[in-house]
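Novice: Sequence:
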Amino acid sequence: SNKIFKSPMLALDRNELSLVLLEHLTRLEPAENSSIELHFNTALEDMNLDDNTISVTKASNGSLVPPKALEKLTFDYLIGADGSQSIVRRILTAQDIISSTATRIPIDALSLRIPRTSSDGDFYEVQDGQYNGWMLQGGVGALALPLSESECSGAINFPQDNNPFQNMTSPDDVLEFFERRAPNTLAKLVSRQEAINLLERPISRLYSVRCDQIHVEDKILLVGDAAHATSNTLGQGANSALQDVQLFFRALSQTSNDNWDLALTTYSQARLPCLRAVRELSEFAFPQSPKMMKEFLFRSKIRNMLPPWLGPLVVGHDAMQLLADTDLSYSRVHRKTRRWIARVKKANLKHAAQQTSNE
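Quick note: to get the numbering used here, add 598 to the position in the sequence shown (first position is 1).
Bear in mind the hints are in silico, worked out from the structure with no lab data behind them.
Please note that the accuracy of each hint is not assured.
As the list claims (entries may be wrong) - Computed list of lysine-lysine pairs in BS3-like fashion (alpha-carbon distance at most 30 Å, straight line):
{"id": "1", "residue 1": "K817", "residue 2": "K892"}
{"id": "2", "residue 1": "K934", "residue 2": "K786"}
{"id": "3", "residue 1": "K817", "residue 2": "K670"}
{"id": "4", "residue 1": "K889", "residue 2": "K817"}
{"id": "5", "residue 1": "K934", "residue 2": "K944"}
{"id": "6", "residue 1": "K889", "residue 2": "K943"}
{"id": "7", "residue 1": "K899", "residue 2": "K944"}
{"id": "8", "residue 1": "K899", "residue 2": "K817"}
{"id": "9", "residue 1": "K889", "residue 2": "K899"}
{"id": "10", "residue 1": "K899", "residue 2": "K948"}
{"id": "11", "residue 1": "K889", "residue 2": "K948"}
{"id": "12", "residue 1": "K934", "residue 2": "K948"}
{"id": "13", "residue 1": "K934", "residue 2": "K889"}
{"id": "14", "residue 1": "K892", "residue 2": "K944"}
{"id": "15", "residue 1": "K656", "residue 2": "K817"}
{"id": "16", "residue 1": "K786", "residue 2": "K656"}
{"id": "17", "residue 1": "K934", "residue 2": "K892"}
{"id": "18", "residue 1": "K889", "residue 2": "K786"}
{"id": "19", "residue 1": "K899", "residue 2": "K934"}
{"id": "20", "residue 1": "K943", "residue 2": "K892"}
{"id": "21", "residue 1": "K670", "residue 2": "K656"}
What the hints assert, rightly or not - Pair by pair, the computed Cβ-Cβ distance ranges are:
{"id": "22", "residue 1": "G681", "residue 2": "Q867", "range": "51 to 57 Å"}
{"id": "23", "residue 1": "D925", "residue 2": "Q867", "range": "19 to 25 Å"}
{"id": "24", "residue 1": "L926", "residue 2": "L619", "range": "24 to 30 Å"}
{"id": "25", "residue 1": "I794", "residue 2": "N613", "range": "16 to 22 Å"}
{"id": "26", "residue 1": "R625", "residue 2": "E893", "range": "33 to 39 Å"}
{"id": "27", "residue 1": "N782", "residue 2": "R625", "range": "46 to 52 Å"}
{"id": "28", "residue 1": "D644", "residue 2": "D759", "range": "31 to 37 Å"}
{"id": "29", "residue 1": "S653", "residue 2": "A951", "range": "15 to 21 Å"}
{"id": "30", "residue 1": "V654", "residue 2": "G914", "range": "25 to 31 Å"}
{"id": "31", "residue 1": "P704", "residue 2": "L617", "range": "29 to 35 Å"}
{"id": "32", "residue 1": "I794", "residue 2": "T672", "range": "45 to 51 Å"}
The structure presented is a predicted model; accordingly, all values stated were derived computationally and were not measured.
Glycine included, every Cβ here is placed at the ideal spot set by N, Cα and C.
Start from the sequences and build out the full structure, keeping to the hints where you can.
Specialist: Pasting the structure below:
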């Protein structure tokens, strides 16, 4: 399937973004009067909010020193941006300071890099305002977005612990897989080198993180996947994490004398409903049952054929379209698509129950 957006799509490679941010930090660190200190190979072990301390272990010759060699550090403010398996969140939960869960989503993923057009020119080039999606049978699907003038970045999603390439031993097996499942599209785009990469690339395991609160007093803030990890189907992980930072510092700038207590309270009250909304949107915007997937594709086709103002009136709004083409909050996008989300949620749960009973 092919979806067309009015606005240009920007795909970010998380590893490359991390390297850019790290390079920026390392340039700042040696500066005179800089308050930035970088500590690599350091693991958080515990925290004490009574005296604002954290306990860490540091690596020695590539391995962590024994737990008895804990080092205590003090903090004024602590921001947990340590991913879906956040140690900060786990410690806060274990100490009954917050309530949170991290549930494995029954979908795994492999990152995918392909050119925007095939070498023989037969495959239609992916345009700036488009993404391509392919259903590859057996619950396997792929998505791709433009990353540069010549390259697309995307992912192959598949049922949990059911990597379609796990029993393959050579790139020829991978290329044959695409020849069988997508002969006129992906088979023309996946190179031999990418086939090798798919055999070697680590699998991303996806988690749904739920927190009843995302800050503690005026000391601790959880952001990004540490606070609200969810499915990758809408590609909102990095977007929502960057938005967390933007919105918090906007709230902080609107206080007098950098009042973190007021800023954290204001930010959390406004942000929590949006985080619940993006989780629902990400997990239930796309159906898993074949019957509803046919309806989804039909709705997308009709929507693309009609003028932008008429499509939503005839077949309803599309969550990804709204996220790409408007600046609506996650909460407002959820409200506009709530009927579809409710139907997909019900159908997906029923489909998952049927799949479990068949096993």
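Novice: Out of the numbered hints, which ones does the structure contradict?
Specialist: 1, 2, 4, 8, 16, 22, 26, 29, 30
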